[in-house]
Amino acid sequence: MTNRAGSRPQLEEKLTKFVPGQPDMWMFVLFESLLFTGYFSVYLVSRTQNEELYLQSQAALDLRFGVFNTIALLLSSWAIARCVQASREGAYRSALINAFLTVSFGVVFLTSKVLEWVNEIQMGNTFTSDEFFQHYFFLTSIHCIHVLIGFIGLGVVVYQLWSPVRRSQQLVETGATYWHTVDFLWVLIFALLYVVR
Amino acid sequence: MSLPKMKTTEPLTAPDPPAGSWVSRLAWNFRHHPKRELWFAWWVMVIFYQLYGVLFFFVTRVQPPPSPAWDTPTVTQWFSDRHLGILAGFGVVFLITGMCAPMNALLAYSMRRMSVSRLFAYSYLIIYSLSAIPGMLVMAIAMTVAALRPDRDPELIHWLYDFAFLSFSGTMGVFMIGSLVWMVAILLDKNCVFPKWFGYLSLCNALTEVVVAPAWIFHRGAFAWNGAIAWWINMVVFVTYTGVFIVLLRKMIQREDFGAGPLPDLPDKGVADHSDAAEAVR
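Residue numbers (our numbering), protein chains in the order written: chain A, 28 to 224; chain B, 209 to 490.
Treat each hint with caution, since some may be false.
[Unchecked claim] Calculated from the model, a selection of chain A residues having no Cβ within reach of chain B, i.e. all distances over 10 Å:
#, residue
1, Gln49
2, Val72
3, Ser73
4, Leu88
5, Phe92
6, Gly93
7, Trp105
8, Ser139
9, Ile172
10, His173
11, Leu219
12, Tyr221
[As the list claims (entries may be wrong)] Derived list of chain B stretches under chain A, where covered just means 3 residues or more per stretch with a C-beta under 8 Å from a C-beta of chain A:
#, region
13, 231-245
14, 400-408
15, 430-444
Worth flagging that the hints you see were computed from the coordinates, not collected in a lab.
Cβ coordinates follow ideal geometry from the N, Cα and C atoms, glycine included.
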């Protein structure tokens, strides 16, 4: 996945000075932010058209799940930030431990998310129940797909940190950037679905 | 025509075409230009997407999609309003379907030029050889049948309407897998055929292909086949993605040196203008 073998190392080095990891991953952050801005706008516009229904359905969500999920992901972001820092300092053992910690918090998030879905479905709130739950299941599912892809990214980070012959700091930081994006998107989804009334 | 096989550091360009009228230059390029097949496929791609947009949006007027919630009389009225457009437009669609072949071949070529296994290009080619079926043919057939048999039971016409739009909007698996194959190839590639950010854009495109799946369930709202999320946002992402890869493929052809190592960068602007002119005259 490295792009160091390319014929443009100078340009890339220049760009890399401005942002951590591959500058290309920051383009992805931009694409995803634009895309989710679109999804959020549709949600907010639909909400204004039927506010009562949205408020009623929102009341059926368990805020405790939302808060727990947010804390789990924020902790995972904190762990990946520590992983990057340790890796920069050459403390690869500590970096690996933090990378695994990130994966663990991610798994906690996913488990809690699935439990929340099961809970909602048992209460009769499904994807087809009403407009609010369409958005709820859509946004949380598409975010979960991002988390799953994030596990592949974290796998690359672990793979890089594992052996002294690899250890590309750029790839570690690229994986961390992706993971922070997943966290950043969740905070917005949490705010819009659970908090905004 | 023999092509140099060794790795070069400078982009390979054809010897300058002889001075003369544009017709003689065109003929010269047609016979001697080492990248003539690549440029042919690229132009087929540009023309195909132009035609695709014009035919679906302006001639047949089946896009942007109408409502899935309409009752049968409204649907039959919708068909009779578009009768001629559907026949003419989809007639041309049937004619141009074959253009998908060189287009997909060029996309697979980009993967063969990468440092990755041939498996990527072959997988892409195989899965995209199916793309015309959900991407346009099934819809074109269903719509043409409905337009040519207006005397049939209106319920059947309504059924064809559902069939056409669901097959068009609801079957994006082919495109999702194709985008993912391309993405992985780009991220693994060490020949710098495409910038890595395009790999990440492919991921965005693949994820929006998942989002259309709820169109099978809903008749109205953001997730129906004409919804803000399932159609409008997806269309913006798809058009952006397509525009970007057309430009990047053009750059790839300009940079192509027919070697096996990293693709060389384009020369500086002044030199580029000269070689562009030689490349572009066909």
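Verification of the supplied hints:
1. Gln49: Violated: least Cβ distance 6 Å, not greater than 10 Å.
2. Val72: Val72 (chain A) is in fact no farther than 10 Å from some Cβ atom of chain B, at 8 Å.
3. Ser73: violated (6 Å)
4. Leu88: Per Cβ check, Leu88 (chain A) is outside 10 Å of chain B; nearest 19 Å; holds.
5. Phe92: holds (23 Å)
6. Gly93: Per Cβ check, Gly93 (chain A) is outside 10 Å of chain B; nearest 22 Å; holds.
7. Trp105: holds (24 Å)
8. Ser139: holds (22 Å)
9. Ile172: violated (7 Å)
10. His173: violated (8 Å)
11. Leu219: Check passes; 14 Å lies beyond 10 Å.
12. Tyr221: holds (20 Å)
13. 231-245: This one is violated; 0 residues, fewer than the three required, reach chain A with a Cβ under 8 Å.
14. 400-408: With 6 residues closer than 8 Å to chain A, the region 400-408 of chain B meets the three-residue bar; holds.
15. 430-444: Answer holds; 6 residues pass the 8 Å Cβ test.
Comparing the model with each earlier hint shows violations of hints 1, 2, 3, 9, 10 and 13; every other hint is respected.
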